[in-house]
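Q: In case you want the letters, here they are:
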Amino acid sequence: MFRQAKWDEPLIFELSKPGRLGFTLPEPIEDIEVQIPEDLRRKSLELPEVSEPEVVKHYTRLSEMNYGVDSGIYPLGSCTMKYNPKINEEFANHPKVAFIHPYQDPRTVQGALQIMWELEQWLKEITGMDRFTLQPAAGANGEFTGVMIIRAYHLDRGEAQRNEIIVPDSAHGTNPASAAMAGFKVIEIPSNEQGMVDLEALENAVSEKTAGIMLTNPNTLGIFEEDILEIAKIVHKAGGLLYYDGANLNGILGKIRPGDMGFDVVHINLHKTFSTPHGGGGPGAGPVGVKKHLMDYLPVPLVEFDGEKYYLNYDLPKSIGKVKEFYGNFAVLVRALTYLKIMGRDGLREVAEIAVLNANYLTQKLKGTRGYELPHKELRKHEVVFSAEPMRKEMGVKALDVAKRLLDFGLHAPTIYFPLIVHEALMIEPTETVSKEELDAYVEALKRISEEAYTNPEIVKSAPHNTAVRRVDDVLAAKKPIITWRMYKELKKKGEVEY
Amino acid sequence: MGKHYIPNSAHKEEMLREIGFKSIEDLFSDVPKGFVKEFNLPEGKSEYEVFLEMNEIVNKNKTVLEMPTFLGAGAYFHYVPAHVKYLIERSEFITSYTPYQAEISQGMLQALFEYQSLIGELVGLEIVNASMYDWGTALGEAARMAARVKKKNKFVVPKHIHPERNMVLKTFVEGADIEIEYVKWNEKGQMDLEELKEKAKNAAGVYVELPNFFGIIEEQIKEIGEIAHENDALFVVGVDPTILGIIEAPGSLGADIVVGEASFLGSALNFGGPRAGIFATKNERALIRQMPGRIIGMTRDAEGKRAFVMTLQTREQHIRRAKATSNICSNEALVAVAAAIHLASLGPKGLKNLGEIILKNTAYFKKRLSEVAEIPFDAINFKDVPATFEIPYPIIHERLLERGIHGGFYLKPYFPELDESALLAVTETTRREWIDELVRNIGEIINEAEL
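Chains A and B supply the protein sequences, listed in that same order. When we follow the working numbering, the leftmost residue of the first sequence carries the number 1, and every step to the right adds one. When we follow the working numbering, the leftmost residue of the second sequence carries the number 1, and every step to the right adds one.
Hints are supplied without guarantee of correctness; some may be wrong.
[What the hints assert, rightly or not] Distance condition first, Cα-Cα at most 30 Å in a straight line; then the derived DSS-like pairs of lysine-lysine:
| hint | chain 1 | residue 1 | chain 2 | residue 2 |
| --- | --- | --- | --- | --- |
| 1 | A | K57 | A | K461 |
| 2 | B | K197 | B | K184 |
| 3 | B | K188 | B | K151 |
| 4 | B | K159 | B | K367 |
| 5 | B | K151 | A | K209 |
| 6 | A | K367 | B | K159 |
| 7 | A | K479 | A | K6 |
| 8 | B | K152 | B | K222 |
| 9 | B | K170 | A | K291 |
| 10 | A | K291 | B | K37 |
| 11 | A | K492 | A | K480 |
| 12 | B | K3 | A | K480 |
| 13 | B | K37 | B | K60 |
| 14 | B | K170 | B | K282 |
| 15 | B | K349 | B | K367 |
| 16 | B | K305 | A | K86 |
| 17 | B | K33 | A | K255 |
| 18 | A | K237 | B | K152 |
| 19 | B | K85 | A | K86 |
| 20 | B | K323 | A | K185 |
| 21 | A | K489 | B | K222 |
| 22 | A | K367 | B | K12 |
| 23 | A | K447 | A | K43 |
| 24 | B | K188 | A | K43 |
| 25 | A | K86 | A | K255 |
| 26 | A | K377 | B | K33 |
| 27 | B | K367 | B | K412 |
| 28 | A | K292 | B | K170 |
| 29 | B | K222 | B | K349 |
| 30 | A | K494 | A | K480 |
| 31 | A | K309 | B | K305 |
| 32 | A | K209 | B | K323 |
| 33 | A | K365 | A | K255 |
| 34 | A | K57 | B | K197 |
| 35 | A | K447 | A | K367 |
| 36 | A | K233 | B | K37 |
Treat the hints as calculated values from the structure; they're not laboratory data.
Let's have the full structure, built from the sequences with the hints guiding it.
A: Following this line, the structure appears as structure tokens:
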């Protein structure tokens, strides 16, 4: 039986003892007196005073109350939580990577520029695009970059009236949010009963105002949009562009290219498809690739190679500018290139094939289990979305409860309540890096939860039982926000908080 | 290759059979004919071969450990305690994702709560998010937030804003119809208050950096905040957190929003990334509701025990979609945790000490630089020092490189009025011998050029 560590670990502030030091600094070069104006001088600073061993114990204990890909299966749908090879870390932490400054003369950072240039060549071939920027820090930052490029393209062609971006109702929330950030009006279109883009709805949505459409393929249900060529035709005919959200690239990697499906812009998530660790929420990287007709609008700088040396090219008069400081999350790029070199053409194809095999294996094994239903078509790519709606209707056990109960078995929950078009959604993406036994164990756990839901629903509704803390009160968290130590101290002083 | 990451490579037939498929191709039968193709890519390699190949590539770089380097301009060589990297490499942290399942992710949630708390103490504000991508994107979001809160579309910044950050800001506000106004600097290299008073009219926000791009401490920061508030604008302060052990918390100086760069603590240079943007604001409903990014809150569990969870999520993209305050999803959590561990290790004395060391080293550096260059502004510098040379700076830069020294950031392309100036920087890591060598060599180079 799984039992997560349960340290009653205080906040680092609560460990503070006056006089303790966690780190020592070198002496100044010369003891020169510098007067800071009185009103600007720091009056007080309440930081914890802890020694290095205490710091190490504290954060080690916290880490023991956290679950990562290295702890077990982490099938968070649309997040592609695959294994993060350790050789990647070796190079991300390499002194020759860590100790270089972004403004160094290009002659002193040829290795870094080569890494960026080589990575771009890989990504171009994998996606079928003509040019890439590696600057975006994450998927959403990449989406923003992509829609800004679409905007610049239409403006440059004197088509300022193209101010609408079409997004299917199954899209990631970042798609409409990114389009809105770039100043577009978002037009949402419904999916058909197969879970794919409704072509009629699309026909009706496009007009001379259409700037583009943002699509994920395979979509968030894990279903391949079979009509993609037809979709591309409709949008291009109306004068719009196609944006590919690469969150689900793992399902077609090494086999099928967005560029061949008619997409004009893509972003990909190096932290999903290309095995760089997710870091508890980041850093990731969201490179953006474009076809030739959009190359002029890419952010500056681009990395060029003249056959002898690598250099940075800032000479793009029509560029959208910058979306992130410097050249993006460089250490993440290093990891991705290391991975690509190991995988190669053959390995990448194997990734998609086994990712899809694993998702379909799980689908078929779980299908028919009481309480879960499988809406839309059966054949999936890298992920599958089940619905716990029958369980909720019949026993009052919700997708949230199922998710929490999974934690009790030391298994991470799927993404839940997304996509929004499936009620009580359980969105499961096993990835290619889990074993058959792990898949079987996951299916077994979901079946056991179903059994519990119909015989002893309380145990599911009151889950989790085996984690560091029991079910967390998120309503209270929003009603009485405590965001920082200083807020906490105030409330504590007033006697308004007991935890 | 890479099959060692893919256990089921060994069980294809068996698994296919079990679920009633004949081949892998059957699983792709929904893909239109002709789509599947052979990619023109190298074959996979063994880990050892890639190890050799990557080593060869990275060894082409020359690091700041191999040549005295005086680059700053928004990225600084600080020494990060070894235990910081050791701790963030704990696989439970680094291989986890956004803590959607709070109960099994308390470690990351508490670490991020502590990050928010430590930054809250530093900047003197109560509401802090769990990080933006970097200082520049945090500033872009701050401008957008100010425009939403104040329902005005002008954002005022110093003309001496970091050029890189300025470019990010411009991209971020483009789609929101926000106009950026620039305020010139005065003879002390600081914001000109007379011009600010004019430009602040109808502004949604007024922004100032601490220290500013010239490395100068803006001494009239309080007055700038007052001018912002007189014009019903939000006062936005951008900070380098390593200065906050010696400089008053921006929140106490009137800031409504504080942005900045968290990675100056806890992270290596990494050729400029990953970084992490600080984003903090006052505890006011109107501000919190417009805040971007993930926020971690303290609450309790079903048994009344203290627990942590992502909160105030109705601002975010996964719920509000097109009406969200920002599109951000993945952030820079691990970089933020590294900053927190570094900060906690420094403590109040360490952070103050760090600030003082840098201040003294900068003063020493400025004194030495003035032997071979003119220092255009009489002010207090922190890390960066602008210096104007008698001969074109690129000549100096090039000859320094030939002698194994890396000079600074050439200012003329961005600020032509500063003529042959460069921004050179030091931190607590700079050694006396490096400065000696730099000054001696610049002296020689100028002499040679003038002969």
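Q: Each hint needs a verdict: does it hold in this structure or not?
A: Cross-check of the supplied hints:
1. Simply put, K57 (chain A) and K461 (chain A) have alpha-carbon atoms about 34 Å apart, too far for the 30 Å limit, and the pair is violated.
2. Among the hinted pairs, K197 (chain B) with K184 (chain B) is consistent with the structure: their alpha-carbon atoms are about 12 Å apart, no more than 30 Å.
3. In summary, the hint linking K188 (chain B) to K151 (chain B) is not supported, as the alpha carbons are separated by about 34 Å, beyond the 30 Å threshold.
4. Annotation: proposed proximity of K159 (chain B) to K367 (chain B) holds, straight-line Cα distance about 26 Å (limit 30 Å).
5. Under the criterion of a C-alpha separation no larger than 30 Å, the hint pairing K151 (chain B) with K209 (chain A) is consistent with the structure, at around 27 Å.
6. The suggested pairing of K367 (chain A) with K159 (chain B) is violated, with an alpha-carbon distance near 62 Å, which exceeds 30 Å.
7. Taken as a hint, the K479 (chain A) and K6 (chain A) pair is honoured in the structure, with Cα atoms around 26 Å apart against an allowance of 30 Å.
8. A distance of roughly 23 Å separates the Cα atoms of K152 (chain B) and K222 (chain B); the hinted pair therefore holds under the 30 Å criterion.
9. A hinted pair counts as satisfied when its Cα atoms are at most 30 Å apart, and K170 (chain B) with K291 (chain A) qualifies at roughly 24 Å.
10. In summary, the hint linking K291 (chain A) to K37 (chain B) is supported, as the alpha carbons are separated by about 19 Å, within the 30 Å threshold.
11. With a CA separation close to 12 Å, the supplied pair K492 (chain A) and K480 (chain A) stays within the 30 Å bound.
12. Our distance criterion of 30 Å between C-alpha atoms is broken by K3 (chain B) and K480 (chain A), whose separation comes to about 49 Å.
13. For a cut-off of 30 Å, the pair hint linking K37 (chain B) to K60 (chain B) is broken: about 35 Å separates their Cα positions.
14. A hinted pair counts as satisfied when its Cα atoms are at most 30 Å apart, and K170 (chain B) with K282 (chain B) qualifies at roughly 25 Å.
15. For the given pair, K349 (chain B) sits about 27 Å from K367 (chain B) by alpha-carbon distance, which is consistent with the 30 Å threshold.
16. A hinted pair counts as satisfied when its Cα atoms are at most 30 Å apart, and K305 (chain B) with K86 (chain A) does not qualify at roughly 36 Å.
17. Between K33 (chain B) and K255 (chain A), the direct Cα distance comes to roughly 12 Å. Compliance with the 30 Å bound is thereby established for this hinted pair.
18. The straight-line distance between the Cα atoms of K237 (chain A) and K152 (chain B) is roughly 38 Å, outside the 30 Å bound, and the hint therefore fails.
19. Between the alpha carbons of K85 (chain B) and K86 (chain A) the distance comes to roughly 15 Å, so the proposed pair stays at or under 30 Å and holds.
20. Between K323 (chain B) and K185 (chain A) the alpha-carbon distance is near 11 Å, which keeps this suggested pair within the 30 Å criterion.
21. Under the criterion of a C-alpha separation no larger than 30 Å, the hint pairing K489 (chain A) with K222 (chain B) is consistent with the structure, at around 27 Å.
22. A C-alpha spacing of about 20 Å is found between K367 (chain A) and K12 (chain B), which places the hinted pair at or below 30 Å, so the restraint holds.
23. For a cut-off of 30 Å, the pair hint linking K447 (chain A) to K43 (chain A) is broken: about 60 Å separates their Cα positions.
24. For a cut-off of 30 Å, the pair hint linking K188 (chain B) to K43 (chain A) stands: about 25 Å separates their Cα positions.
25. With a C-alpha separation of about 26 Å, the suggested pair K86 (chain A) and K255 (chain A) falls inside the 30 Å cut-off, and the hint holds.
26. With a C-alpha separation of about 19 Å, the suggested pair K377 (chain A) and K33 (chain B) falls inside the 30 Å cut-off, and the hint holds.
27. Annotation: proposed proximity of K367 (chain B) to K412 (chain B) holds, straight-line Cα distance about 22 Å (limit 30 Å).
28. Using a Cα cut-off of 30 Å, the hinted pair K292 (chain A) and K170 (chain B) holds, with the two alpha carbons roughly 25 Å apart.
29. A hinted pair counts as satisfied when its Cα atoms are at most 30 Å apart, and K222 (chain B) with K349 (chain B) qualifies at roughly 25 Å.
30. For the proposed pair K494 (chain A) and K480 (chain A), the alpha carbon gap of about 14 Å is at most 30 Å, so the pair holds.
31. With a CA separation close to 59 Å, the supplied pair K309 (chain A) and K305 (chain B) exceeds the 30 Å bound.
32. Under the criterion of a C-alpha separation no larger than 30 Å, the hint pairing K209 (chain A) with K323 (chain B) is consistent with the structure, at around 20 Å.
33. For the proposed pair K365 (chain A) and K255 (chain A), the alpha carbon gap of about 26 Å is at most 30 Å, so the pair holds.
34. Annotation: proposed proximity of K57 (chain A) to K197 (chain B) is violated, straight-line Cα distance about 52 Å (limit 30 Å).
35. A hinted pair counts as satisfied when its Cα atoms are at most 30 Å apart, and K447 (chain A) with K367 (chain A) qualifies at roughly 10 Å.
36. Only pairs whose Cα atoms come within 30 Å are accepted, and K233 (chain A) paired with K37 (chain B) is accepted, the gap being roughly 21 Å.
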